[in-house]
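All chains should be built: construct the whole structure from the sequences, respecting the hints.
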Amino acid sequence: MKKLALGIIVFLLGATVVAAQSAGDLFNSAVNYGTSYRTAYLAYVQAKNQYQQYHTGVTRVEAISKTNDVLVKRNQWVIAYLKFLRQTLAEVTNIATYPQTVTYLDLEKNIAALEGLTSLGGGDNFAAINTASQDWEKQMTQMDRMVLAARMQVSSTRLANFQDQLAGYLDAYRQEHATPSASQKTTLDLIGEKLNSSVQLRQQTDALLAKYRTGFVSNANYAQGLNDSHQALVESAKLLNELSRQP
Amino acid sequence: MKPKLNIFWLILPSVVFILLVSLVVLRFSRRPENSTEAPAVSPTPIVYPAPTPISVQGLPSLVKQIDGWQANDPRLAPPVVDRKISLPEE
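Listed in order, the protein sequences are those of chains A and B. Under the working numbering, the first residue of the first sequence carries the number 4, and numbering increases by one thereafter. Under the working numbering, the first residue of the second sequence carries the number 26, and numbering increases by one thereafter.
One should not assume that every hint holds.
[Said to hold, decoys possible] In silico EDC-like cross-links for lysine to aspartate or glutamate, where the CA-CA straight-line distance does not exceed 20 Å: (1) A/51 with B/107; (2) A/188 with A/174; (3) A/141 with A/111; (4) A/51 with A/127; (5) B/109 with A/72; (6) B/109 with A/147; (7) B/109 with A/138; (8) B/89 with A/231; (9) A/241 with A/179; (10) A/141 with B/107; (11) A/141 with A/174; (12) B/109 with A/140; (13) A/51 with B/115; (14) B/109 with A/65; (15) A/241 with B/92; (16) A/241 with A/192; (17) A/112 with A/167; (18) B/89 with A/167; (19) A/241 with A/231; (20) A/112 with A/138; (21) A/51 with A/65; (22) B/89 with A/238; (23) A/51 with B/114; (24) B/89 with A/245; (25) B/109 with A/127; (26) A/214 with A/147.
These aren't lab readings, by the way, just hints derived from the structure by calculation. Source: prediction; values computed, not measured.
In structure tokens, the structure reads:
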């Protein structure tokens, strides 16, 4: 009975820790999984080479063991990364407050699918191991698109926040200089134009990302749109900064 | 006969209660008030966080942050793994 009670306590403590993990914690966790993967990968390459060189029973068993291990470590690293990405999205955007009925970008589904691969790492012959590995690798193409969209959503949100902040500074400057000189007015208009252009370019990328969330897979270069938006924002910000320094 | 006092069974209910309350608070603190309602439209719009308060001293700092922004944030780069792990034919 005591053991059961202790088990419940440990479980609840564990659940509390998991629920409280931040993006920083998950990033560090992913880094650790990356280190484990690299170690396992070197062992796999070595074991595979030794089997190809000697073709003995011992090297065969070792090759199976090390390959199974690296398949598990590879999967664990990707899962850890996806969890970090999911938490970053939650912290940067408002998706953490979405109703539970909403899944975002299928991140949860993909994490659960990868976590459910219990047969990975259990192959007892080369063919079974190769099949398990190929099945996993096939999922990565779709995963790449999802990861790109998620990353761009984070970047776009950060850019939008910068745009909002700069707009705030621009408004404040206009209020402080209710009757600007002709030169100041020209510069202020230019700053406003560049800022608007930046917002519009970012919104175009947002529209593409919104389509992605409804299942439309685009080969659009999300990053290019955001980079163009960023360029206009940098110019706008620097102009405002120079203007603010003038007496 | 006086029952034997066991400190373990005195503490256990309190610990379980505190943990359960913590879990419930964590679970619901991130949900909106109308969280039971399913979204009417899809996709769910992204609502951007409110900008931080501005100050004159903050503009140079903001310019630096904007300058350092990258569409492909390297911290968010996906794992570089071998996607052709296999063994030779037996």
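Structure-based check of each hint:
Our distance criterion of 20 Å between C-alpha atoms is met by residue 51 of chain A and residue 107 of chain B, whose separation comes to about 14 Å. A threshold of 20 Å between alpha carbons decides the hint, and for residue 188 of chain A with residue 174 of chain A the separation of about 13 Å falls inside it, so the pair holds. Between residue 141 of chain A and residue 111 of chain A the alpha-carbon distance is near 18 Å, which keeps this suggested pair within the 20 Å criterion. Under the criterion of a C-alpha separation no larger than 20 Å, the hint pairing residue 51 of chain A with residue 127 of chain A is consistent with the structure, at around 15 Å.
Our distance criterion of 20 Å between C-alpha atoms is met by residue 109 of chain B and residue 72 of chain A, whose separation comes to about 15 Å. Under the criterion of a C-alpha separation no larger than 20 Å, the hint pairing residue 109 of chain B with residue 147 of chain A is consistent with the structure, at around 16 Å. Distance hint between residue 109 of chain B and residue 138 of chain A is fulfilled; the C-alpha atoms sit about 11 Å from each other, no more than 20 Å. Taking the CA atoms of residue 89 of chain B and residue 231 of chain A, the gap is about 18 Å. The hint holds against a cut of 20 Å.
Our distance criterion of 20 Å between C-alpha atoms is met by residue 241 of chain A and residue 179 of chain A, whose separation comes to about 19 Å. Under the criterion of a C-alpha separation no larger than 20 Å, the hint pairing residue 141 of chain A with residue 107 of chain B is consistent with the structure, at around 13 Å. Annotation: proposed proximity of residue 141 of chain A to residue 174 of chain A is violated, straight-line Cα distance about 51 Å (limit 20 Å). With a C-alpha separation of about 7 Å, the suggested pair residue 109 of chain B and residue 140 of chain A falls inside the 20 Å cut-off, and the hint holds.
Taken as a hint, the residue 51 of chain A and residue 115 of chain B pair is honoured in the structure, with Cα atoms around 12 Å apart against an allowance of 20 Å. Restraint check for residue 109 of chain B and residue 65 of chain A: the C-alpha separation of about 19 Å stays at or below 20 Å, so the hint holds. Restraint check for residue 241 of chain A and residue 92 of chain B: satisfied, since their Cα atoms lie roughly 9 Å apart, inside the 20 Å limit. Of the supplied pair hints, the one linking residue 241 of chain A and residue 192 of chain A holds, its CA atoms being roughly 14 Å apart against a limit of 20 Å.
Using a Cα cut-off of 20 Å, the hinted pair residue 112 of chain A and residue 167 of chain A is violated, with the two alpha carbons roughly 33 Å apart. The suggested pairing of residue 89 of chain B with residue 167 of chain A holds, with an alpha-carbon distance near 15 Å, which does not exceed 20 Å. Annotation: proposed proximity of residue 241 of chain A to residue 231 of chain A holds, straight-line Cα distance about 16 Å (limit 20 Å). Among the hinted pairs, residue 112 of chain A with residue 138 of chain A is consistent with the structure: their alpha-carbon atoms are about 17 Å apart, no more than 20 Å.
For the hint linking residue 51 of chain A to residue 65 of chain A, the alpha-carbon distance of about 8 Å falls within 20 Å, and the restraint holds. Taking the CA atoms of residue 89 of chain B and residue 238 of chain A, the gap is about 12 Å. The hint holds against a cut of 20 Å. Proximity of residue 51 of chain A to residue 114 of chain B is assessed by CA-CA distance (about 12 Å); at most 20 Å being required, the pair is judged to hold. With a C-alpha separation of about 13 Å, the suggested pair residue 89 of chain B and residue 245 of chain A falls inside the 20 Å cut-off, and the hint holds.
At roughly 19 Å between alpha-carbon atoms, residue 109 of chain B and residue 127 of chain A fall within 20 Å of each other, so this suggested pair holds. Of the pairs offered as hints, the one joining residue 214 of chain A and residue 147 of chain A holds, with about 17 Å between alpha carbons and a cut-off of 20 Å not exceeded.
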